[in-house]
Amino acid sequence: MTTGTASQEVTYVEAISQALDEEMSRDKRVFLMGEDIGAYGGAFKVTEGFLTKFGEWRVLDTPLSESGFVGAAIGAAMMGLRPVVEMQFADFISCAFDQITEVAAKNHYRWGAAVPMVIRAPFGGGVHGGPFHSECPEGWFFHSPGLKIVAPSTPYDAKGLLKAAIRDPNPVLYFEHKFLYRRIKATLPQEDYIVPIGKADVKRTGRDITLITYGAMVHLALEAAELLSQDGIDLEVVDLRTLIPLDKKTIYASVRKTSKAILLHEDNKTGGIGAEISALLVEDCFDCLDGPILRIAPPDTPVPFSTPLEEFFLPKVSDIVAGAKKLGAY
Amino acid sequence: MDQAVVAKDITRSDLLEMYYFLRLTRCVEDRITALYRQGRIVGGVYTSHGMEAISVGYASALKPDDVIAPFHRDMGAFLIRGFSPGEIIAQYLGKKGGPTKGKDGNVHMGDLKRGMIGFVSHLADNMPVAAGAALAFRIRGESRVAFAGTGDGGTSRGDFHEAMNFAAVRKLPVVFFCTNNQYAYSTPVRYQMAITDVVERAKAYGMPGEIVDGNDVAAVYLASKGAIAKARAGAGPTFLEFKTMRMHGHSEHDAAKYVPRELLEAWKAKDPILKAEQLLTQLGYVDESYFHEIGERVKKEVEAGTESAEQSPLPEGPDTLVGVFATEGEVQP
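Line by line, the protein sequences are chains L and R. Per this note's numbering, residue -15 is the first one in the first sequence, and the count goes up by one each step. Per this note's numbering, residue 519 is the first one in the second sequence, and the count goes up by one each step.
Don't read these hints as lab results, they were simulated from the structure. No experiment lies behind these values; they were computed from the predicted model shown. Glycine included, C-beta positions come from ideal geometry on N, C-alpha and C. Keep in mind that a hint or two might mislead.
[Unchecked claim] If you want a taste of the chain R side facing chain L, the calculated C-beta under 8 Å gives, among others: (1) 628; (2) 636; (3) 650; (4) 651; (5) 680; (6) 681; (7) 839; (8) 841; (9) 842; (10) 846.
Assemble the whole structure, with the sequences as input and the hints as a guide.
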């Protein structure tokens, strides 16, 4: 088993494994489905050892059939189980788009059937995955009422949000960032905890500009904040953690304090989550804004493969520094 | 269906009950069609006219705690599961008293407490869902079965194939069916698939399949019963192809001019209610007066249902905002 004990430092990916392990041990309704998650332990080894520990009816290797097994998870969830489905890569979630947006998202609204399930989706670039193994598809689902969406940036949040997602009575899309899997570590509490869905987290307090982001970009923002502090710009970094429902209270409180906002994400710029938050800020916080709202996001292209192309595509610390300086001038 | 087999394998009271539900289904849908023609129902109206034997037959073969993911021409299943004519007509009228309280229309209704999974317009979407319900039964070691179907057109969709495959691989307690009524909206089966019998599809999944006369309620009942028993015993899924004919348009707005009239004439003689009456008469169970009596009974029930549906209030505009998310108490135990 890749999971460490709670007192040791664990990586982001180990935190995910721990959450699954603990929830499966706590609640026999929780079971897993996905491609290669059994004997192989998953493409990223999140479920290594789970088959032996929990047996083949709680750790199901599925046919290569995303729509089929997401649909099956919906059915099992409606019958009272708590399925956690693994997309091998978030990119493949497009195959299950219909089941997620038309069935899982609408069942409760239409006819009152709760669908308590989680879809784990390893997303994001920076890992040389190319156009089919690097996508950030959260924007597609951000527009579909009935889904909750979370995207943790730290091992603590990864574990706490996954537990909260599993315990939630609704379909939750859990976007876990592949770039962070083995790059960040933390010591987690020994006791059981959750990170509530719907609560953003101010990862760095600052006076001058609010930077709103999520996922791997949080770390880029924190790095940029350190550089900017040398130039006398004090950046506040708001980690959304939950994309739906958005924690407007935390977002607005921060922007009302700093009067300036930058939206940063790894999903394409057009129609992204940054665009929505920007519109909300204009609608609800216009009176306090001292400058334009900036969006820092990749261009509207697929995620390219070759290193110089992918580096060009992804937002960089220097983009944030430049954006903050531009906004700082207002 | 051979009457000796029927006499041996179906009780008289079961057969009479199925006859009652055939008549009730026809009467409810005729009333809905009439309301539509009067402009009282907005949106689509898809009926099972001439195909009532399918849902009445299979739903009669299931146990109450089994789960159904119906096709959109399975009104009989709703009635057998205890949806009253009043609730159903309220649903079509967009009233608060309908199972979806006006959130969705026509046959898009469901209720987990009564084992009915709400229909989704995207045909075959509920087939993997039903496989998942069966998976839950298998995981918990329950002796329950899921029963799910789509039309001939629906079997062209990937979700149909993904469900068939997954259920067969895991030997799940589910029965899949296809209501082959020869047209998917205006598209005939020959433009839908390069095979004549949909049942051929089952072979690719290592799944047993059977062609059943979909207009013969006794045949549907017995074939379903056999497949359900197999699923319950752990022998895995079965695929049933119910051959029938769509006697109305896709929806009531559709005059279906693309269907040859002589085809409809030929199938009219095979009407499922007519067939059931012939069978009951041959078996000597009842006579003409009984059919008349049942006709009067269902008419009264549908009359009362229409009245209660009319009295049900319409939802208020702001009700739109209610129910996007579920709360913990609503999850199935």
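Inset, instruction - Any hints from earlier that this structure breaks? Give me their numbers in increasing order, please. - result: Of the numbered hints, just 7 does not hold.
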